[in-house]
Each structure stands twice: as C-alpha cells, then as structure tokens.
Amino acid sequence: MFQTDVNIPSYDFLTALYRNSQIQYPKFFKMDTLSKLGFLASEFVLKNTEIYGDTPNYSTVQIFANSTSSLETDYEYQQTIGAEYFPSPSVFVYTLPNIVMGEIAIKHKLYGENTFFVQKSFDNSAFFQYIYQVFLQDSVTYALVGWIDYYKHTCEACVMLVEKTNEVCSLPFTKKNSLHLYNL
Amino acid sequence: MDQLIEQLKKEIIEVLNLEDITPADIDSNAPLFGDGLGLDSIDALELIVLMEKNYGIKLQDANQGRDIFKSIQTMAEYISKHRTI
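If you read the protein sequences in the order shown, they are chains A and B. Reading the first sequence from the start, the letters are residues 1 to 184 in our numbering. Reading the second sequence from the start, the letters are residues 1001 to 1085 in our numbering.
Please keep in mind that the hints were generated in silico from the structure rather than gathered at the bench. Using N, Cα and C, we set each Cβ at its ideal position, and we do this for glycine too. Treat the hints with care, since some could be wrong.
[Unchecked claim] Computed list of lysine to aspartate or glutamate pairs in EDC-like fashion (alpha-carbon distance at most 20 Å, straight line):
hint, chain 1, residue 1, chain 2, residue 2
1, A, K27, B, E1052
2, A, K27, B, D1020
3, B, K1053, B, D1027
4, B, K1058, B, E1011
5, A, K27, B, E1014
6, B, K1081, B, E1014
7, B, K1053, A, E84
8, B, K1053, B, D1020
9, A, K27, B, E1046
10, A, K109, B, E1011
11, A, K107, A, E43
12, B, K1010, B, D1061
13, B, K1070, B, D1040
14, A, K107, B, E1019
15, A, K27, B, E1077
16, B, K1081, B, D1035
17, A, K27, A, D5
18, B, K1058, A, D12
19, A, K107, B, D1035
20, A, K27, B, E1006
21, B, K1053, A, E43
22, A, K107, B, D1002
23, A, K27, B, D1040
24, B, K1053, B, D1025
25, A, K175, A, D123
26, B, K1081, B, D1020
27, A, K109, A, E156
28, A, K27, B, D1035
[To be verified] Per the computed footprint, the stretches of chain B lying under chain A, defined by three or more beta-carbons under 8 Å from a beta-carbon of chain A, are:
hint, region
29, 1001 to 1009
30, 1048 to 1061
Full structure from sequences and hints, please.
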C-alpha cells in the first residue's frame, strides 16, 4: 500500500502516510505526533464504516491507552519556553494524551464518551473488561479502541472498531482476539 | 510595507504549520479567520506570541486583536507603527 525509507523519522513518516492516503484535512499538520498517529490509524479503521464522515454520532465511544502519555510533546513545549520565555500555545494544547481523541471526535463528529488510560504496558485484561462494561450502556453501539504510543521517535498504534451486535461475526471481541490483534 | 507583508506571510506559515500554503497563496487583504486562511483561536494566540517575540509588541487589550488580525495588511500596518524591535 505504501513504501518509504525505513530510516525516516516518525513525524515525517506520518506526514508521508497522510499525503499518500489522499485525506484532505489541513488541521492534520497542526497536530502533535501522537495525535497524527491516532488520527491516521483511526482514519484507516473507520473508512468504509457508517461512522466515517461528518454525521453527528452519539453511539460511538473512544477508549485508548498508552504508556508515555504526551511526554514527547510535554518536552517540546518545555523547549519553547526557553530563556526568552515564549511558550507556544499551539504546542501547549497537545500536552495531554487524550487530545488525540478530541481530534478524532472533531473529524467524525463523535459525541460519545471517551477515556484515555496511561499504563506501564498494554493491559489486555483490564482493557477488555473496561470496554465490556462500557457496552452495557444501551446508548453505545460502537467503540473505537486501542493503543497509541509515541516516544523518542518510536510509534506504536493498534486501533480497532468494536461493534455491539447480535449477529455472528468472523472476529468476535474476546480477550484472546484483542491480544492477538495487539501482537500482530 | 511590502517587505514586511512578505516577511509576515512567511512567519505565519512557519509558526502556524500551514503546510501546502506559500506566501503567494495568501491574499494580504483576505480575512485571517473564518473564510480566509481559516485560522482558529489557538492560532490567534500564536499570532499574539509572534508579535511579541519578533516585533516586541505586547497587546494589552485582547479586544485590539479583532482589528489588528483582520488581515495580513492590517497586521503589517499595526506592526510598522508599534514595533520596538
């Protein structure tokens, strides 16, 4: 689908991936790297689903996690303060990891609740349990979930769309399948 | 004034990460917010920082921004009158 130099820095890789994807969303360039990563991963997952687009959606929740929070952007923000003290407002707004969910919500008009966990490592069991609990709410039909991490030029993203349905499906949301997808 | 306008366009493109936009694409009289460049409230804060950092202008009254940031032209006019660096 897409090829590039293996030594390319993560932020350049994500920009190249964005350009290759034909997505038209100029705000992408203003995002921090964690948000770019989550945004792109979600775009690929949501494309060709009924969620993709800009119809207001109240039945889709977002549940994400990572291990380094927004540390990379926090550091970048600290650098903008410097000796002359001119902190950057546009970097500051990304100094929380849950902002990535805001970016996804704005793009797709998702009004469902969202939660971002910071964990030492991917805790599949707790993650599964939390998602299962959220689905007990009648109002929830879809959950956009996963692991989005970026630190020291290393990106890691595993994003899934889980649907509440009575129909038999080829890949049911189980602890085993969730862990299998994460380990791919 | 023309030189300042060109410089401002370059600075705004850089500080606001306006990828795919060149100085030539920006109409000096077009609105910066809304229909023109489509900037938002965070961009407005960046423009305030830019004015202070690059031109030594500290806005005392936030309401002033409404008139100053109408367009590149109005920004350049204000900067040329009030710059300290």
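Against the structure, the hints:
no.	hint	in the structure
1	A:K27 to B:E1052	violated, 25 Å
2	A:K27 to B:D1020	holds, 12 Å
3	B:K1053 to B:D1027	violated, 24 Å
4	B:K1058 to B:E1011	holds, 17 Å
5	A:K27 to B:E1014	holds, 14 Å
6	B:K1081 to B:E1014	violated, 24 Å
7	B:K1053 to A:E84	holds, 9 Å
8	B:K1053 to B:D1020	violated, 25 Å
9	A:K27 to B:E1046	holds, 15 Å
10	A:K109 to B:E1011	violated, 32 Å
11	A:K107 to A:E43	holds, 9 Å
12	B:K1010 to B:D1061	violated, 26 Å
13	B:K1070 to B:D1040	holds, 13 Å
14	A:K107 to B:E1019	holds, 19 Å
15	A:K27 to B:E1077	violated, 28 Å
16	B:K1081 to B:D1035	violated, 27 Å
17	A:K27 to A:D5	violated, 25 Å
18	B:K1058 to A:D12	violated, 35 Å
19	A:K107 to B:D1035	holds, 19 Å
20	A:K27 to B:E1006	violated, 23 Å
21	B:K1053 to A:E43	violated, 37 Å
22	A:K107 to B:D1002	violated, 37 Å
23	A:K27 to B:D1040	holds, 10 Å
24	B:K1053 to B:D1025	violated, 25 Å
25	A:K175 to A:D123	holds, 11 Å
26	B:K1081 to B:D1020	violated, 31 Å
27	A:K109 to A:E156	violated, 25 Å
28	A:K27 to B:D1035	holds, 15 Å
29	1001 to 1009	violated (count 0)
30	1048 to 1061	holds (count 3)
Hint compliance for this structure: hints 1, 3, 6, 8, 10, 12, 15, 16, 17, 18, 20, 21, 22, 24, 26, 27 and 29 are not met, and every other hint is.
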